[in-house]
Each structure stands twice: as structure tokens, then as C-alpha cells.
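Peer 1: Line by line, the protein sequences are chains S and Y. Numbering-wise, this note's numbering puts 345 at position 345 of the first sequence, and it's gapless, one number per residue. In this note's numbering, each residue carries its 1-based index in the second sequence increased by 365.
Treat the hints as calculated values from the structure; they're not laboratory data. Each hint should be verified, as a subset may be incorrect.
[Said to hold, decoys possible] Negatives, chain Y to chain S, calculated, CB over 12 Å:
1. Pro394
2. Arg436
3. Trp463
4. Arg473
5. Thr572
6. Arg597
7. Leu624
8. Trp647
9. Asp675
[As the list claims (entries may be wrong)] Stretches of chain S that chain Y covers, calculated by requiring three or more beta carbons in the stretch to come under 8 Å of a beta carbon on chain Y:
10. 105-119
11. 357-363
Ideal Cβ placement from N, Cα and C applies to all residues, glycine included.
Number of protein chains: 2
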Amino acid sequence: MRVDGRPERTIAVEADGRSVTVVDQTRLPFEFVRRPLADVEAAAHAIRAMIVRGAPLIGVTAAYGVALAMRADPSEANLDRALGLLGATRPTAVNLRWALARLDAALRSLPAADREARAYAESAAIAGEDVAACRAIGRHGLELLRDVRLRRGGGLVRVLTHCNAGWLACVDWGTALAPVYAAHEAGVPVHVYVDETRPRNQGGALTAFELGAHGVPHTVIADNTGGHLMQRGLVDLCIVGSDRTTAAGDVANKIGTYLKALAARDNDVPFYVALPSSTIDWTIRDGVVEVPIEERDAREVTHVRGRSADGTVLDVEVVAPGSPVANPAFDVTPARLVTGLVTERGVTSASREGLLALYPERTKT
Amino acid sequence: MRVDGRPERTIAVEADGRSVTVVDQTRLPFEFVRRPLADVEAAAHAIRAMIVRGAPLIGVTAAYGVALAMRADPSEANLDRALGLLGATRPTAVNLRWALARLDAALRSLPAADREARAYAESAAIAGEDVAACRAIGRHGLELLRDVRLRRGGGLVRVLTHCNAGWLACVDWGTALAPVYAAHEAGVPVHVYVDETRPRNQGGALTAFELGAHGVPHTVIADNTGGHLMQRGLVDLCIVGSDRTTAAGDVANKIGTYLKALAARDNDVPFYVALPSSTIDWTIRDGVVEVPIEERDAREVTHVRGRSADGTVLDVEVVAPGSPVANPAFDVTPARLVTGLVTERGVTSASREGLLALYPERTKT
Numbered sequence: 001m002r003v004d005g006r007p008e009r010t011i012a013v014e015a016d017g018r019s020v021t022v023v024d025q026t027r028l029p030f031e032f033v034r035r036p037l038a039d040v041e042a043a044a045h046a047i048r049a050m051i052v053r054g055a056p057l058i059g060v061t062a063a064y065g066v067a068l069a070m071r072a073d074p075s076e077a078n079l080d081r082a083l084g085l086l087g088a089t090r091p092t093a094v095n096l097r098w099a100l101a102r103l104d105a106a107l108r109s110l111p112a113a114d115r116e117a118r119a120y121a122e123s124a125a126i127a128g129e130d131v132a133a134c135r136a137i138g139r140h141g142l143e144l145l146r147d148v149r150l151r152r153g154g155g156l157v158r159v160l161t162h163c164n165a166g167w168l169a170c171v172d173w174g175t176a177l178a179p180v181y182a183a184h185e186a187g188v189p190v191h192v193y194v195d196e197t198r199p200r201n202q203g204g205a206l207t208a209f210e211l212g213a214h215g216v217p218h219t220v221i222a223d224n225t226g227g228h229l230m231q232r233g234l235v236d237l238c239i240v241g242s243d244r245t246t247a248a249g250d251v252a253n254k255i256g257t258y259l260k261a262l263a264a265r266d267n268d269v270p271f272y273v274a275l276p277s278s279t280i281d282w283t284i285r286d287g288v289v290e291v292p293i294e295e296r297d298a299r300e301v302t303h304v305r306g307r308s309a310d311g312t313v314l315d316v317e318v319v320a321p322g323s324p325v326a327n328p329a330f331d332v333t334p335a336r337l338v339t340g341l342v343t344e345r346g347v348t349s350a351s352r353e354g355l356l357a358l359y360p361e362r363t364k365t
Numbered sequence: 366m367r368v369d370g371r372p373e374r375t376i377a378v379e380a381d382g383r384s385v386t387v388v389d390q391t392r393l394p395f396e397f398v399r400r401p402l403a404d405v406e407a408a409a410h411a412i413r414a415m416i417v418r419g420a421p422l423i424g425v426t427a428a429y430g431v432a433l434a435m436r437a438d439p440s441e442a443n444l445d446r447a448l449g450l451l452g453a454t455r456p457t458a459v460n461l462r463w464a465l466a467r468l469d470a471a472l473r474s475l476p477a478a479d480r481e482a483r484a485y486a487e488s489a490a491i492a493g494e495d496v497a498a499c500r501a502i503g504r505h506g507l508e509l510l511r512d513v514r515l516r517r518g519g520g521l522v523r524v525l526t527h528c529n530a531g532w533l534a535c536v537d538w539g540t541a542l543a544p545v546y547a548a549h550e551a552g553v554p555v556h557v558y559v560d561e562t563r564p565r566n567q568g569g570a571l572t573a574f575e576l577g578a579h580g581v582p583h584t585v586i587a588d589n590t591g592g593h594l595m596q597r598g599l600v601d602l603c604i605v606g607s608d609r610t611t612a613a614g615d616v617a618n619k620i621g622t623y624l625k626a627l628a629a630r631d632n633d634v635p636f637y638v639a640l641p642s643s644t645i646d647w648t649i650r651d652g653v654v655e656v657p658i659e660e661r662d663a664r665e666v667t668h669v670r671g672r673s674a675d676g677t678v679l680d681v682e683v684v685a686p687g688s689p690v691a692n693p694a695f696d697v698t699p700a701r702l703v704t705g706l707v708t709e710r711g712v713t714s715a716s717r718e719g720l721l722a723l724y725p726e727r728t729k730t
């Protein structure tokens, strides 16, 4: 999408066909800078330190991490090392495992000399498929927005979203925000309520940045506010992304998603989850019990990063010194609270039946 | 309650019987300092700038504000001016109106020369009644905690609370935290999950501070986290305070309370609201429609106050520059989501019938 009128993607291979750069998301919203990923260690660090984040982008970055490793040393031992290093960076996003398994399958049986080129090609394919999937999600989601608008007799469509499932979480377009961008392009008037999404503030920093940079009207709110807005009839639908969706339609997403799904149900607001099928974990049935939830550093809660009046970006302590902190990064929204899943193949119910109707090739698994 | 082992109250009249000091809550959690309220303007400023906050403490501070005004000039014109000035500071807390109406009724018909002494006496009575009410709430709430513990077969009682409804919101003891302090004193093992409560961070800064200073075990969490903890069975009951409770049992409290009530219902966790009867607005039936919700400064969302590594307390910007913000300060939890109201007269259902059973003298109003 656009930044200062220029089209940008979160991850790109430069003109030499080998150098990889990413948007450094830890510098947003105050600075938009790209940084090079020199090697697999840099790719792993970028994922772990959340220089890149968002389930789809994590998968693509991991793929290019393998490509960078193959560029340095295409041996099978180094392939194993790269897969191990990248696989240990984040525990919840299923795309990471999925992308690494795909690279593994593509590379292992090849002669070492062919692995580098094939790794770049496979990574480019994954990135391209992500863009295509997000575009398709946007197209299907746009119809939902048009329907809501029709039912309201025209006017503004007011969408609430949590965390960042925009183009910054993917390669381009985004998942939850793809329908919003599609609506904006199609001239359907849309307004986005953006949860700030503590503790890491991906909403206030990233979603607000990307919507603002692209020119989409929006309002940032504290995470506590969405229920009140729904109660007052100010939200027409919720759309969020997903870090991992189970075969039964349960949705692991940024912590706090579950609370918004409860508020949506209590106020008859449709609650949609937008996801490329790469985030579906076909091996898991009960999300609440089975999805591993990442516990992140207490410092994300005790400290907040921001920009001071003199322009310095720094961390400030906000919690009473000495108070213990818990920081689970995701929660699971049970399928019963999800109105529908918006995938690259269309909109379906959040259920095993709904998912298999769109992905019949999974019936045998 | 105790700070560094010393008993403290949020507002106090000094040994001269006239000077009023308050704990400056904008300096917490990094500094515990008292500051004098020299005159009615200082009292109004303290309420408006949230140097004091919490519905009960706002009421007591307003009362002493009238006393300070009467000390300076006991004329009826000055009484009117003081009531007007103090009444315009905050719109949602009903105690403010209630305390001012009580001072008005006590003072207006008196000779001017008697007003100062009477205003101090009436303010001291309101403060004393608040302490007594909070103690009683603690006593009644303790029984709920004991019951939960019994049903669990002993062990730790895990309480989730939102915002600050502790002694810092009152004169002493607190409302929602009074049962927690009572349990702690009685040797009932208790652990409090503290919502940080963005945008003003009253949980992370104030609740965590007062629990830590008094020695009560607790864990600070992002506002997004409570639903996940309840889903995992880690919360035995929720207790929150109330800024205004309607005659039908609807509860206006800090924004985000409604979301926790929804999560509690979805997970069969009891959800209690602790309140002195001074926060009941007997004139309002439907809280969602009728309670005025204060819209506060966008800067509370766009900026966060904290302490930098060099010890300076400063505001940092956390939202994408230029992004608009909404900041409603309260929401309304419908009575249907409230398991019970814990008042100074006992525990009752969140309903007109429940409230009238405890306050039969209100039947005629």
C-alpha cells in the first residue's frame, strides 16, 4: 500500500535478486525506514525482536531467512541449522512452521548447488501467494462491507479492528484491513476504529500509521473502549486477523480479541476473522485447550515506547516498581463467537464443515 | 492503608483543624507525596486534574472544597460560586453532586458566621461515613471471598479488578479492594489480577502501588488479558467499583468494565460491584441510555506518562502522529451481567428489588 504516495511492501528482494530488506516496524509510527537482512541470523532476529511481525509476514521472512542461509552455505547441515534457528523464534503463528516445512520439502532432496536459487524462488512464491490471498480476502470482505452498508441504507461503514492485521502484518494489502482498503479504493465510505492493542501498541502505532499513510479515515481508541462503542451502536462490524485458526474455526489472535468478540455478540455486531489459509492449523481441533500461547517479556507491560517532546524515542516505566506482571500475547476466540471466516477462497462459517466446504482437499487429512 | 508501614488516608485535615492535604495521585506510582489544598480553586483543580480521583474521594474533596470556600468567605454568594465551580469539574461521578447537595442543604439556611465550622464538620462526617462504608463493604465482601475459597476447597482466592477502586479512590480501605484488604488482614490468601486500565493507567500505577505498598500479592496485566485468564480458569471472581449505579443496578464504571463483565459471564466467573450507597443514582433507571459519559482529552490516549531510565517522569507520544482519537472515560455494565452489588449494608442483587430490599427508605422516592 502507499506511504507518502509511494507503493511499499513490508519485505522485498532488491535489484540484485538476493539482498532482502524489510520495513523496520519497531521504528514506526515515528520513522518509516527499511533495513537489510544480511543473513539468516538477521532474519531470525527480525522475527524475534518483532522488527517484522504478523503471522503471514513472519512466514515470508522465515522463508527468505532460509534463502539467505542457502546463499551462505547450501549444505544440508546448514539447512537444518537455519530451520532450527528460525523455527524457535516465535511459538504461536502457524505460518512460521508452515513456511519452513515448505522450504524444507522443496530443498532437502535437491543438490546443494541448486538450493539457493530454489529457496529464493520458493520464498518469492510464498510472498506472491500471500499478496494474492490478501487481495482475494479484500475482494470477498468488500462484499460484506457493501452488504452492511445496504442494510443500513447507505452512509459510512464503521469497522472495528484489533492489533495490526494490515499490510504491515503481511506483504501487501493485509488480512483484516484488505476489505477496508478494497472499500476505500472502490469508493465505499469506511471508517476504522483502531484498538491501540496494549502491550505492544500495534494498533496505535502500526494500524493507525498505515491507515493514515494510505488516507483511510480512522479513530484510535483504548482497548477498553470497543464494547462501549458497540453498545452505543457505533460499530457496524468487527474484522480481525488470526495468528492460528483451528480446523474447528477457533481463532488464536492478539490478546484481547476474545473480549471484542464477546462485545460483538452481546450487541449483535457481526464479528469476522480474515485469514489466508496458511494460518489454518488443520491438526488442532480445540483452540482454547491446544494452541500454545506465547508468554512475552514483562517489560512490554511495565514499559511503553514512545516519543518525547524533544523527539527522542524511548521507553518509559508505567507500572508501580516491583509489581509482578503477566504478558500472554494471544488469546483464543471460540468459533461460536465468530460470524464468519474471510479467506482467499471466500467467506465461510467458523466450523469444520465451513472450512472443509472451502478446502475440500483437506477432507482426507 | 499502609505505605512504608505508615497508615495513610487520601485526604486529611491537618492539626490546625483547617488545612486540607491530599495524596497527589498524578505523582504515583513513582513518588508518594501529599500536597495542600489552599482554597476552593485548588480543590476544584485537584478534581479536574485528577490529583484526586475515584467517585467517593471526589465527593469528599468537593465537600472540603466548600469548607475551604467558607473559610475564605462564608457569604451565600460565595457558597453558590463554590458549588458551581466544584460541580463543573467532572460529569460522571454521582458522589460529586451528592456531596455538594448535602453541603448546600447543611449550610444555606445558617448564619454566615456559622458556615465555616459546619462545612468542616459536614465534610468530616462525609469522610468518616465513607471510611465506615468501605470497612463494611470489606466485611461483607470478605464473606464472598471465603465462600469462593470454600467452594474451591481452600487455597488462593484469585480476584480480578479493573481501574482503581482501592483506598486511593476513597478515604481509606477502598470499595472493590476493601474485601481484598479484609481478606489479607484475616489471613485468607488472596491474589489480585490488576488491569492496567488505559488510557490513564490507574490499575498499573495506583492499584498496583497500593497493593504493593500494603503487601498484598498481585499481578499487573494489560486490559486485553482478563478474558484469557478467565477462559483458563485463573480468576475466581471479579470485583470492581462504580462511579454511578442506577436504581435498576446498571453500573457506570471506568471504560472497559463492561468487557470484563462479558468475559466473566462467558466463563461463569462471579462479577461483583462494590459501592457505597452514595454512588447510587436513584433518579436513573436505564444506565446505558441515561448516564452521561465523560469524553476526556485525546492526549490521554495519544500520550503515556512514565519514568525514563534517568528517573525523569515525562509524557511520551505513542499513537501515529495525526491519527484522530476518541476517549470516553466510562462505560455502563448492564445489571444483567452483575452477579451482585456489595454495599455497606450487605450484598444484594443488581436490580431495583435488590437495592430497595437494602434501602427500603428509598421506596417512596
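Peer 1: If a hint holds in the structure, say so; if it doesn't, say that too.
Peer 2: Quick rundown of the hints versus the structure:
no. : hint    : in the structure
1   : Pro394  : 4 Å, violated
2   : Arg436  : 35 Å, holds
3   : Trp463  : 24 Å, holds
4   : Arg473  : 38 Å, holds
5   : Thr572  : 8 Å, violated
6   : Arg597  : 8 Å, violated
7   : Leu624  : 4 Å, violated
8   : Trp647  : 23 Å, holds
9   : Asp675  : 9 Å, violated
10  : 105-119 : violated (count 0)
11  : 357-363 : violated (count 0)
The structure fails hints 1, 5, 6, 7, 9, 10, 11 (numbered hints given earlier, in ascending order).
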